[in-house]
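Construct the complete structure from the given sequences, taking the supplied hints into account.
Just so we're aligned, residue 1 is where the sequence shown starts under this note's numbering, counting upward by one.
Hints are all accurate, no fakes.
Lysine-lysine pairs mimicking DSS-like chemistry, simulated, CA-CA at most 27 Å apart:
1. K104 to K33
2. K54 to K33
3. K54 to K104
4. K51 to K72
5. K104 to K72
6. K51 to K104
7. K72 to K54
8. K51 to K33
It should be emphasised that the hints constitute simulated quantities derived from the structure, not laboratory data.
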Amino acid sequence: MKRLLILFAIPLFLSSCKKDDPATEARVSYSVKETSQDTPTYSVSYTADGKATKSVGGLSSSQWDSETVHLKRGDFVSFNVSSSSPDGDFILYVYLNGVLWESKEMHNPNGNVTISGDLP
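In structure tokens, the structure reads:
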């Protein structure tokens, strides 16, 4: 009888464990590529629904990549790159589940550019 109870208890316990729904999960990452001959400094910031804004400044590398952020489809995201140098050319990328979702180019910026929207 004990064995029978255990056999029923184990599947019940496992079925109650929280599972991520792949249909609603969204793994988002951000990337910047600086493509000019110069090495201007730039800053990035990114935020999403329910997440604190993260900012990184004083960047001068030819490429910067964020860590992966776990969100839900439909969440609003915003990714901003700014530079006070007029000598840079930048390409911004936002990836959703490892696939390019959106990109934008910024030439001789002396300002900022933003990609934002609800995750599909």
